[in-house]
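Chains as they are written, first to last, in our numbering: chain B, -7 to 411; chain Z, 18 to 261.
These are calculated hints, taken from the structure and not from any lab test.
Honestly, I wouldn't trust all of these hints.
Taking lysine to aspartate or glutamate pairs in the DMTMM-like style, the calculated list, with each CA pair at most 25 Å apart, reads [unchecked claim]:
#: 1; chain 1: Z; residue 1: Lys175; chain 2: Z; residue 2: Glu164
#: 2; chain 1: B; residue 1: Lys329; chain 2: Z; residue 2: Asp223
#: 3; chain 1: B; residue 1: Lys329; chain 2: Z; residue 2: Glu113
#: 4; chain 1: B; residue 1: Lys237; chain 2: B; residue 2: Asp88
#: 5; chain 1: Z; residue 1: Lys175; chain 2: Z; residue 2: Glu204
#: 6; chain 1: B; residue 1: Lys116; chain 2: B; residue 2: Asp207
#: 7; chain 1: Z; residue 1: Lys175; chain 2: Z; residue 2: Glu216
#: 8; chain 1: B; residue 1: Lys274; chain 2: B; residue 2: Asp45
#: 9; chain 1: B; residue 1: Lys281; chain 2: B; residue 2: Asp45
#: 10; chain 1: B; residue 1: Lys17; chain 2: Z; residue 2: Glu178
#: 11; chain 1: B; residue 1: Lys329; chain 2: Z; residue 2: Glu153
#: 12; chain 1: B; residue 1: Lys329; chain 2: Z; residue 2: Glu156
#: 13; chain 1: Z; residue 1: Lys175; chain 2: B; residue 2: Glu313
#: 14; chain 1: B; residue 1: Lys329; chain 2: Z; residue 2: Asp111
#: 15; chain 1: B; residue 1: Lys329; chain 2: Z; residue 2: Glu53
#: 16; chain 1: Z; residue 1: Lys175; chain 2: B; residue 2: Glu411
#: 17; chain 1: B; residue 1: Lys233; chain 2: B; residue 2: Glu313
#: 18; chain 1: B; residue 1: Lys281; chain 2: B; residue 2: Asp58
#: 19; chain 1: B; residue 1: Lys329; chain 2: Z; residue 2: Asp112
#: 20; chain 1: B; residue 1: Lys64; chain 2: B; residue 2: Glu242
#: 21; chain 1: B; residue 1: Lys218; chain 2: B; residue 2: Asp88
#: 22; chain 1: B; residue 1: Lys17; chain 2: B; residue 2: Glu313
#: 23; chain 1: Z; residue 1: Lys64; chain 2: Z; residue 2: Glu216
#: 24; chain 1: Z; residue 1: Lys175; chain 2: Z; residue 2: Glu156
#: 25; chain 1: B; residue 1: Lys233; chain 2: B; residue 2: Glu49
#: 26; chain 1: B; residue 1: Lys329; chain 2: Z; residue 2: Asp110
Chain Z stretches covered by chain B per the calculated footprint, using a threshold of three residues with CB under 8 Å from any CB of chain B [stated by the list, open to error]:
#: 27; region: 86 to 95
#: 28; region: 111 to 118
#: 29; region: 125 to 132
#: 30; region: 141 to 150
In silico negatives: residues of chain Z with every beta carbon more than 12 Å from chain B [as the list claims (entries may be wrong)]:
#: 31; residue: Val45
#: 32; residue: Asn68
#: 33; residue: Ile122
#: 34; residue: Asp223
#: 35; residue: Glu238
#: 36; residue: Asp239
Ideal Cβ placement from N, Cα and C applies to all residues, glycine included.
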Amino acid sequence: MSTHRLLYEANESWRIAAAQIRAHKLRSLLTALGVIIGIVAVTLMGTAIRGMDISFENNLAMLGDDILYVQKWPWHNVEDWWNYANRPPIRPEDADSLNRVIASTPNSLLEVAVPVCARSATLKAGDAQVNGIYTFGTSGDYSRILAVDFREGRLFTGPEADAGRQVCVLGCDVADALFPGRPALDQTVLIQGQPFRVVGVLVRQGSFLGLFSFDNQVLMPLGAFKKYFGVHSTQAEVRVKVKDKTRLEEAKEELTGAMRRVRALLPGQRDNFTINEQQAFKEQLDPVKQGIALAGLFITGLALFVGAIGIMNITFVSVRERTREIGTRKALGARRKTILLQFLIESVSISLIGGVAGVLLTVSLCLGVRAALPSLPIELSPALIVIGLFVAVGTGIAAGFAPAWSASRLNPVEALRYE
Amino acid sequence: MIPPAAPSPASRVTRTPGPLVIDIEDVVKLYPMGAETIHALRGVSLKIRRNEYLAIMGPSGSGKSTLMNMLGCLDTPTTGRYEFNGRNVAAMDDDELADIRNREIGFVFQTFNLLPRSNALRNVELPLVYSGMAPEEREDRAREALEAVGLGNRMHHKPNELSGGQRQRVAIARALVNRPSIILADEPTGNLDSQTGTEIMALFNDLYERGNTIIVVTHEEDIARHARRIVRLRDGLLDRDEVQ
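Work out the full structure: start from the sequences and follow the hints.
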């Protein structure tokens, strides 16, 4: 009985609210504007943060989420750089030593260690020349950790690599620059003046956080790299693939132990190497994300606050304009709860209109931006839309409560007499 | 202005009063007004029975509005006893009073007080919404009430599409719809021309003869003359109580 009554009263209130808004279109729209801005702010901010997340995840995927990087320097900034500068360099041979340790460890969590050396090089083919290309020397095992596909050709094989054959794999931008409009496969390029045969071209991968491009790189067998370029101490690293990425921490511990054996470190000695993983990047990005979220929250809060003040104001005006109506309703049997509900529903209706308009605005903005700039990872999540609408409803309730409360407390005699 | 013709005594039917509906005894109502206290009612006792047609009269300041608010359960006495159908109104809280008003009292106001954006049917339905009646039943009852006041063909008109007399009929239908114990009309003809006023008073007479209990608050002698009993107030006290 009582729940039915509440339902009927709520129905009646929605009807009255709709009629009220129809009768005051401009006023309602202007009032909803604050909420519209607030909801656009909250959903856009959410989309931006999510876009950053997606883009970051995509970038991290390039690094491989199951790869540990054994390096001299950690990826995060260090204060005491001198402690790191004196570390011995990582040597490509450390990979072989690590592979031996891995092979001798029963149930090892590590799969394979691959050496990677890098330097910048100039490439020529005919008249075409490209400078400052990141050139990597690695082993045939690179295919076991390489997370990318080939546009043409293949990676050099283990025997090719071990034999120090002069073959190479080009990033797609390099291939396109040197061999515009024709296949690069089986062509010869001069890398720092040395002839290399192209055995493969990688598919386009994009850049990592805009820092460096994976499409601007060249891979060659480690033997050839060492022969012609030597091994630059700071540029060498060992990449280790783990078997089970859900047990990354354990694998990291195992690798630390293995590397300490390779380095023959005594128990009291500190590690003189660093094991990096993509997680480190994530941790570095978190404060940035939090900062953006905080700024967004502040802007959103401000906009919603202004919107809420507007709704509160208009609801007070509405209560005042309709004091006689409130008195009549009370005379006809409306209880306090009924009147409270009625004005809350009115304020929520206005803010919900603002919320829906705001969400629609955000959706069209996102679609527009995505159409104009397809490379941006913009994706409006349904959860965010729901959150936006909930925020709108919450704003309506918060803004409408004081006027609705005052309406519910009106003395029927005075309300009926109100001019 | 043509004074409304008083109905000839021959056409007057006076029904036998039934059980006690309203029983107020020694009711006092004080209003604080700044530093002063207004004595709106100084001790009024009144009994109203079912099937009565009563007029409450008095000059302004006599306390008739206060008494009406009291009878309509819009207000409670400062001291004194008020029983409505045997229930102690003086001790009720806001929501209990709302419930009594909803079920037991049908209000008719001088200014009609219809909801401007709702049609006649919706206006008449409103008390039933507050009593928790299901929509279909509600509509049937509202139609019935509108037909009873002769507005069966105006159900979907909004107040601004109706004449003053029609608006007051909608308000009367709204007062009737919950089948209340009393109908309480406050200057029901105050905003109407005399012709329409006469029609409205004829409708009240009709409703009375069909078994409703009617209380009209007025300052017009001509209007009061329609009632079967006239209660006159002066300075917050009952002055005269006469059956016609």
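Status of the hints after comparison with the structure:
At roughly 16 Å between alpha-carbon atoms, lysine 175 of chain Z and glutamate 164 of chain Z fall within 25 Å of each other, so this suggested pair holds. About 37 Å separates the Cα atoms of lysine 329 of chain B and aspartate 223 of chain Z, which puts this hinted pair outside 25 Å; it is violated. A C-alpha spacing of about 12 Å is found between lysine 329 of chain B and glutamate 113 of chain Z, which places the hinted pair at or below 25 Å, so the restraint holds. Simply put, lysine 237 of chain B and aspartate 88 of chain B have alpha-carbon atoms about 22 Å apart, close enough for the 25 Å limit, and the pair holds.
Proximity of lysine 175 of chain Z to glutamate 204 of chain Z is assessed by CA-CA distance (about 23 Å); at most 25 Å being required, the pair is judged to hold. At roughly 17 Å between alpha-carbon atoms, lysine 116 of chain B and aspartate 207 of chain B fall within 25 Å of each other, so this suggested pair holds. With a C-alpha separation of about 21 Å, the suggested pair lysine 175 of chain Z and glutamate 216 of chain Z falls inside the 25 Å cut-off, and the hint holds. A threshold of 25 Å between alpha carbons decides the hint, and for lysine 274 of chain B with aspartate 45 of chain B the separation of about 9 Å falls inside it, so the pair holds.
Pair hint lysine 281 of chain B plus aspartate 45 of chain B holds up; C-alpha atoms about 9 Å apart against a cutoff of 25 Å. Between lysine 17 of chain B and glutamate 178 of chain Z the alpha-carbon distance is near 22 Å, which keeps this suggested pair within the 25 Å criterion. Between lysine 329 of chain B and glutamate 153 of chain Z the alpha-carbon distance is near 24 Å, which keeps this suggested pair within the 25 Å criterion. Between lysine 329 of chain B and glutamate 156 of chain Z the alpha-carbon distance is near 24 Å, which keeps this suggested pair within the 25 Å criterion.
Taken as a hint, the lysine 175 of chain Z and glutamate 313 of chain B pair is honoured in the structure, with Cα atoms around 19 Å apart against an allowance of 25 Å. For the proposed pair lysine 329 of chain B and aspartate 111 of chain Z, the alpha carbon gap of about 11 Å is at most 25 Å, so the pair holds. Taken as a hint, the lysine 329 of chain B and glutamate 53 of chain Z pair is broken in the structure, with Cα atoms around 34 Å apart against an allowance of 25 Å. Only pairs whose Cα atoms come within 25 Å are accepted, and lysine 175 of chain Z paired with glutamate 411 of chain B is accepted, the gap being roughly 22 Å.
Taken as a hint, the lysine 233 of chain B and glutamate 313 of chain B pair is broken in the structure, with Cα atoms around 73 Å apart against an allowance of 25 Å. For a cut-off of 25 Å, the pair hint linking lysine 281 of chain B to aspartate 58 of chain B stands: about 24 Å separates their Cα positions. As the CA atoms of lysine 329 of chain B and aspartate 112 of chain Z are separated by approximately 9 Å, the hinted pair is consistent with the 25 Å bound. With a C-alpha separation of about 21 Å, the suggested pair lysine 64 of chain B and glutamate 242 of chain B falls inside the 25 Å cut-off, and the hint holds.
Straight-line distance between C-alpha atoms of lysine 218 of chain B and aspartate 88 of chain B comes to about 15 Å, which keeps the hinted pair within the 25 Å bound. Distance hint between lysine 17 of chain B and glutamate 313 of chain B is fulfilled; the C-alpha atoms sit about 16 Å from each other, no more than 25 Å. For the suggested pair lysine 64 of chain Z and glutamate 216 of chain Z, the alpha carbons sit about 29 Å apart, so the restraint of at most 25 Å is broken. In summary, the hint linking lysine 175 of chain Z to glutamate 156 of chain Z is supported, as the alpha carbons are separated by about 16 Å, within the 25 Å threshold.
Restraint check: the Cα-Cα separation between lysine 233 of chain B and glutamate 49 of chain B comes to about 19 Å, which is no more than 25 Å; the hinted pair holds. Between lysine 329 of chain B and aspartate 110 of chain Z the CA atoms are separated by roughly 13 Å; this keeps the pair inside 25 Å, and the hint holds. Here the region 86 to 95 of chain Z counts 4 residues with a CB under 8 Å from a CB of chain B, which clears the bar of 3, and the coverage holds. Remark: the region 111 to 118 of chain Z is confirmed as covered by chain B, as 5 of its residues place a Cβ nearer than 8 Å to a Cβ of that chain, reaching the required three.
Check on the region 125 to 132 of chain Z: 4 of its residues sit with their Cβ under 8 Å from a Cβ of chain B, so the three-residue criterion for coverage holds. Counting residues of the region 141 to 150 of chain Z whose C-beta sits closer than 8 Å to any C-beta of chain B gives 7, which meets the bar of three, so the coverage hint holds. In this structure valine 45 of chain Z is separated from chain B by more than 12 Å, as the shortest Cβ-Cβ distance comes to about 16 Å. Non-interface call for asparagine 68 of chain Z relative to chain B: holds, since the shortest CB-CB distance, roughly 23 Å, exceeds 12 Å.
With a closest Cβ-Cβ approach of about 8 Å to chain B, isoleucine 122 of chain Z is found to fall inside the 12 Å limit, against its non-interface label. Every CB of chain B is more than 12 Å from the CB of aspartate 223 of chain Z (nearest about 23 Å), matching its label as outside the interface. Interface exclusion of glutamate 238 of chain Z from chain B stands, the closest Cβ pair being 24 Å apart, more than 12 Å. Even its closest Cβ contact with chain B, about 25 Å, leaves aspartate 239 of chain Z beyond 12 Å, as expected for a residue assigned away from the interface.
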